[in-house]
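Starting from the known structure of chain A, arrange chain B on it as the hints suggest.
So the protein lines, in turn, are chains A and B.
Using the working numbering, you'd call the opening residue of the first sequence number 1 and step up by one each time.
Using the working numbering, you'd call the opening residue of the second sequence number 1 and step up by one each time.
Keep in mind the hints are simulated off the structure, nothing from the lab.
Built from N, CA and C at the ideal position, the CB exists for glycine as well.
Heads up, some of the hints might be wrong.
Here are some, though not all, of the chain B residues that point toward chain A, as calculated from beta-carbon distances under 10 Å [unchecked claim]:
no.	residue
1	Glu-24
2	Thr-26
3	Leu-44
4	Pro-52
5	Ile-54
6	Gln-99
7	Phe-121
Think about it this way: if two alpha-carbon atoms lie no more than 16 Å apart in a straight line, the pair counts; the simulated EDC-like pairs of lysine to aspartate or glutamate are [said to hold, decoys possible]:
no.	chain 1	residue 1	chain 2	residue 2
8	B	Lys-71	B	Glu-108
9	A	Lys-152	B	Glu-125
10	A	Lys-165	B	Glu-61
11	B	Lys-128	A	Glu-237
12	B	Lys-126	A	Asp-155
13	A	Lys-152	B	Asp-29
14	A	Lys-152	B	Glu-108
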Amino acid sequence: MAKARAIVKRRKAVQNIRKITRTMELIATARFKKALDRATEAEAYTRKIAELVADLGSTSLDVSHPLLERREKVKNSLLLVLTSNRGLAGGYNGNVLRVATRVLHDDQTEGIATSLEVAGKRGINYFRFRGTPMDASYTHYEDRPQFDDVEKLADRYIALYINGKIDRLDVAFTRFINSARQEAVVQTLLPMSTASVAQAVASVRQAKPTGAAAPPPTRGERTPYEFLPDAKSILEEIVPVSFKVRLFKCFLDAAVSEQIARMVAMRGATENADDMIKSLTRLYNRARQAQITRELAELIGGAAALE
Amino acid sequence: MSTHDTGDAKKPGDRLQCVVVTPERTLFDEVVEFVALPLFDGELGILPGRAPLIGRLGYGELRTKVHGATKRYFVDGGFAQVRDDVVTVLTNRAVPAAQVDANAASKELELAQARRATTDFELAEKNKAVARARAQLRIGSAR
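So that you can see chain A by itself, here it is in the shape it has in the complex (with noise of 0.2 Å):
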């Protein structure tokens, strides 16, 4: 009897963990669905910078800002690593984390002085662990970052990008492609490009557009504008609004991803946990039997040694 009680109480662990992972699939697709909704609804903000920069861009597209500016030497970087707070979502951190070193360890060879800004218990722990030194460390963009968060950490590096304080501005984060699809990318924010802004974050997400979207601006007939200042002091002001938007929608991509993986992680894990139950079972009414037949044999053994 000691072997299939044995099996037993596996098997009652393995079903334990099973609810537990089913229920964490569960909340992360609750989160998920929460998540892409907020990043459905900021694209409605990238949209409409795109549209107004494609209206002034017939003007003229040589702005001068000092975000746009390429310094010829890059001296000093800036990389962010955006994170998870919590794990158990798979091959989320390790690739981001994966992609962040490498760009690090480029930076040293290419003797650039890069600080280091993590996003996420995950990644803080990380570079904790490998003695790497990190100027600052968030833990407060969980999965609903803020705009408000998010702009003072923008405000922080214009200023230090225009202080010449850094040369370059990089984030490791996961990109969101689809939901089938996501990966780990470090993207340079600053020094933007014209083009960049021109096509202001180019819509990674262009599936359901809101309700309030206006109709696709038509080529050929221009509504003639009237300029308040005048076009090019407009641009100017949008490059910065841009750079914020852009860094904004890399959280949000991150907090999106985050969800996903934790969501494939979890589902693997609930089929896993089926299929060890499954075999538990069969282990065990194999067990049983096993148990029973002997006891027979015994009987029978016993009876006929009466006889």
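Chain B only, in chain A's frame:
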């Protein structure tokens, strides 16, 4: 031929649609009769049938009027686009005037004024912060 002010679908000069978009979401999307925008150099009133316009916003008060009822928002910079009787306001933050905290704004103003500015960039930042705090104070206290 441009599409503005001819209004093939809806009647021209009838109603305005006012859309306020922040980076997080579309905050406000309603049909109104009148919109007052805080442009960078002063207020601009918009009635239905306004010619197309793109403008830079300052810090100030956005007002909309429907059937005599006025809604007021504090707008934190950004841009405005007017086209085909649709007013789109792109801003970092839009707060209903009732929620603007005058006390916090006056503190912010003090902080901003105390800030040291040595370079052009810092000076511009300081001026911005001061203007922003003043606008908030104005809206927050005028209730």
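Hints, one by one, checked against the model:
About 5 Å separates the beta-carbon of B/Glu-24 from the nearest beta-carbon of chain A, less than 10 Å, and the hint is met. Given the 10 Å rule on beta carbons, the hint for B/Thr-26 holds: about 5 Å separates it from the nearest Cβ of chain A. Satisfaction of the interface hint for B/Leu-44 is found here, the shortest Cβ-Cβ separation to chain A being roughly 8 Å, below the 10 Å cut-off. For the restraint placing B/Pro-52 at the interface with chain A, the shortest Cβ-Cβ distance is roughly 5 Å, inside the 10 Å limit, so the hint holds.
Interface hint status for B/Ile-54: upheld, as the beta-carbon distance to the closest one in chain A is roughly 5 Å, under 10 Å. Among the interface hints, the one on B/Gln-99 is violated; its C-beta lies about 14 Å from the nearest C-beta in chain A, farther than the 10 Å criterion. Of the supplied interface hints, the one on B/Phe-121 holds, with its beta-carbon coming within about 5 Å of a beta-carbon of chain A, less than 10 Å. Only pairs whose Cα atoms come within 16 Å are accepted, and B/Lys-71 paired with B/Glu-108 is rejected, the gap being roughly 25 Å.
A threshold of 16 Å between alpha carbons decides the hint, and for A/Lys-152 with B/Glu-125 the separation of about 13 Å falls inside it, so the pair holds. Distance check on the hinted pair: A/Lys-165 and B/Glu-61 sit about 36 Å apart at the alpha-carbon level, beyond 16 Å; violated. Simply put, B/Lys-128 and A/Glu-237 have alpha-carbon atoms about 13 Å apart, close enough for the 16 Å limit, and the pair holds. Of the pairs offered as hints, the one joining B/Lys-126 and A/Asp-155 holds, with about 13 Å between alpha carbons and a cut-off of 16 Å not exceeded.
A threshold of 16 Å between alpha carbons decides the hint, and for A/Lys-152 with B/Asp-29 the separation of about 27 Å lies outside it, so the pair is violated. The straight-line distance between the Cα atoms of A/Lys-152 and B/Glu-108 is roughly 15 Å, inside the 16 Å bound, and the hint therefore holds.
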